[in-house]
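**Q** As they're listed, the protein sequences go chains Y and E. Per numbering that gives the first Met the number 0, the very first residue in the first sequence carries number 0; after that it's consecutive. Per numbering that gives the first Met the number 0, the very first residue in the second sequence carries number 0; after that it's consecutive.
Incorrect hints may appear among the rest.
Computed, partial: chain Y to chain E, Cβ under 8 Å [unchecked claim]:
hint	residue
1	Glu20
2	Leu27
3	Asp30
4	Met35
5	Leu41
6	Phe45
7	Ser48
8	Pro50
9	Met51
10	Gln71
11	Ala74
Worth flagging that the hints you see were computed from the coordinates, not collected in a lab. Bear in mind the structure is a predicted one, so any value in this text is a computation, not a measurement. Ideal Cβ positions, reconstructed from N, Cα and C, are used throughout, including at glycine.
The chain contents come next:
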Amino acid sequence: MLEIRTHLRARAGESATIGPETNITRDLGLDSLAIMDFIFDLEDSFDISIPMERIAEVQTLADLAKAIEVLQKEAA
Amino acid sequence: MSSIFDKFAPLQEQHAALTAMGRSPADIVFEEIISPTEAILNGKRTILMGTNNYLGLTFDEVAVDAAIEALKTEGTGTTGSRIANGSYDGHKRLEEELAEFYGMRSAILFSTGYQANLGAIAALAGRDDYLLIDADSHASIYDACRLSDAQVIRFRHNDPENLDRKLKRLDGTTGSKIIVVESIYSMLGDMVPLKAFVEVKKKYGAYLLIDEAHSLGVLGEKGRGLCEHEDLEDDIDFITGTFSKSIGTVGGFLVSNLPGLDIVRFASRPYMFTASPPPSVVASARKTLSRIAGASDLRKQLWENAAQLYNGLKSAGFELGPTLSPIIAIRLSDAEKAIALWNGLLDAGVYTNLALPPATPFGWYLLRSSISAAHTPEQIALAVDVCTKIGKELGLITLSGSKKTETGKLQVNGAKALNGASEKHPFSTSEPESVVPTGAGAPVARA
């Protein structure tokens with residue numbers, strides 16, 4: 000979660016309030032391009048690929064952490 | 000009272016803001032089309048610099064006459080799909096001619112280029128397969144992914160190493176891996192580093208589909224596109240393309256050398272459930288396609304024209320795409336100035352395309368032009384002059400013509416993204432001074 004938050008902060012700015020229930024698009028004002036770059040950062044960082052249909056299901060930071068956990072388990 | 004259209008409020012606002020600043024691109028109506036490069040807009044003679052009419056063949060007499068003849072003999076439309084209503088002779092002939100043109104086993108005709116990508120990609124990638132698409136893919140490729148049951152993984156734009164890592168992670172999975180790239184990307188005119196992608200494809204036994212929409216008739220000695228230009232045709236599994244650019248009409252296609260392609264017709268909803276191309280369209284497409292291989296004079300003119308516009312704008316100080324191509328885009332980070340420049344050009348009788356985020360890479364505002372072999376040097380010189388004059392008035396370029404630093408909020412997904420794929424001008428007769436800007440040319444503003 001901390002690692003995701005670091006990447007998200009890099010995209011959303013230092014002043015952004017980011018918690019588990021933060022809605023990534025609605026609360027942080029990230030557009031589709033910023034989200035895409037953020038996903039690429041996460042993929043490099045966690046050495047996973049995040050399929051687009053999984054991204055579509057994610058709303059909050061907690062959702063994202065869970066999705067990454069599942070993908071890491073699938074890859075292992 | 001609430002309306003079903005309330006959810007479009009942000010779009011409405013953007014449209015209204017554009018209109019308030021002059022006009023909205025969606026409201027441009029040409030009263031009269033004079034030629035492939037000129038039209039009347041609001042009573043004013045306007046040079047068309049954003050039509051994708053690369054070879055300027057929309058008024059080709061032979062193609063026009065063939066279309067008229069087909070209208071008279073076969074009627075205005077087919078009124079249904081080929082699966083339901085049957086094919087016309089022209090459909091079959093055009094498919095044979097496409098396969099012959101590419102030197103491949105078979106071709107499937109679609110009603111538009113959009114539907115060719117939608118229909119080909121969604122059908123080829125089934126439930127257990129994987130689609131690996133470039134992040135900067137055209138909307139038709141993104142929409143194909145939504146229609147497909149396959150898992151969709153994006154790789155960074157023009158980054159074969161990123162693709163390599165993603166394919167490596169799929170080691171041990173059984174489904175087919177289908178990589179989708181475009182020869183020339185439609186917004187900045189940058190090209191795919193095809194050889195590097197072919198190597199990755201071979202390493203993992205994946206399939207490679209390339210959309211040659213903007214390169215058919217434009218690249219290659221015989222005009223077959225980037226694959227021919229790079230001598231990689233034997234390594235490509237599928238090519239999609241369109242008739243709405245250099246072919247000058249409408250329609251799309253899928254060609255492949257793989258045996259058994261025909262079955263895709265029965266698995267492709269955008270093929271099955273829409274009307275087939277009308278006889279007049281098929282007739283003109285056939286005539287124009289037959290000209291492409293021998294049109295090296297037009298290709299030479301096209302690239303000379305592209306170099307004139309690219310170098311003219313570049314030496315005026317504008318920031319352009321990374322590679323010389325017939326798509327030439329001025330990159331701007333200031334929305335208001337981009338819109339003012341676009342309106343100013345229109346007022347001066349020059350039509351270009353205004354492209355706005357999120358349809359553009361890095362959140363840039365683009366003034367996109369596409370050059371044609373039919374443009375005259377005088378038309379291009381006028382466009383460069385007008386653009387330079389307005390650019391200076393807006394403070395986009397300095398009076399000396401040197402680059403002014405852009406400081407807007409830019410999203411950059413790696414400087415690599417802007418590395419030009421093809422550094423060489425396809426026609427060495429008029430080598431531009433510098434095709435690839437140094438330092439990848441990307442204003443890196445990583446947050």
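**Q** Grab the minimum C-beta distance from Ser48 (chain Y) to chain E and call the hint holds if it beats 8 Å, violated otherwise.
**A** holds (5 Å)
**Q** Given Leu41 (chain Y) was flagged as interface, is its beta-carbon under 8 Å from a beta-carbon of chain E?
**A** Result: violated, 12 Å to nearest chain E Cβ.
**Q** Given Met51 (chain Y) as an interface hint, is the shortest Cβ-Cβ distance to chain E below 8 Å?
**A** Cβ of Met51 (chain Y) sits 4 Å from chain E, so the hint holds.
**Q** With a cut-off of 8 Å, does the beta carbon of Pro50 (chain Y) approach a beta carbon of chain E closely enough for the hint to hold?
**A** Where the cut-off is 8 Å and the nearest Cβ of chain E is about 5 Å from Pro50 (chain Y), the hint holds.
**Q** Is the interface hint for Asp30 (chain Y) satisfied, with its Cβ closer than 8 Å to some Cβ of chain E?
**A** Hint on Asp30 (chain Y): holds, closest Cβ of chain E at ~6 Å, below 8 Å.
**Q** Is the shortest C-beta separation between Phe45 (chain Y) and chain E less than 8 Å?
**A** The hint is violated - Phe45 (chain Y) has no Cβ within 8 Å of chain E, the shortest such distance being about 11 Å.
**Q** Would the hint on Gln71 (chain Y) stand, with a C-beta cut-off of 8 Å toward chain E?
**A** Because about 11 Å separates Gln71 (chain Y) from the closest Cβ in chain E, which is outside the 8 Å limit, the hint is violated.
**Q** If you take the shortest Cβ to Cβ gap from Ala74 (chain Y) to chain E, is it below 8 Å?
**A** With Cβ-Cβ at 7 Å, under 8 Å, it holds.
**Q** With a cut-off of 8 Å on the beta carbons, see whether Glu20 (chain Y) makes it to chain E.
**A** violated (23 Å)
**Q** Should the hint that Met35 (chain Y) touches chain E count as held when the rule is a Cβ pair under 8 Å?
**A** holds (6 Å)
**Q** Any CB of chain E closer than 8 Å to the CB of Leu27 (chain Y)?
**A** Hint on Leu27 (chain Y): violated, closest Cβ of chain E at ~12 Å, above 8 Å.
Going down the numbered hints, you'll see the structure goes against 1, 2, 5, 6, 10, while the others check out.
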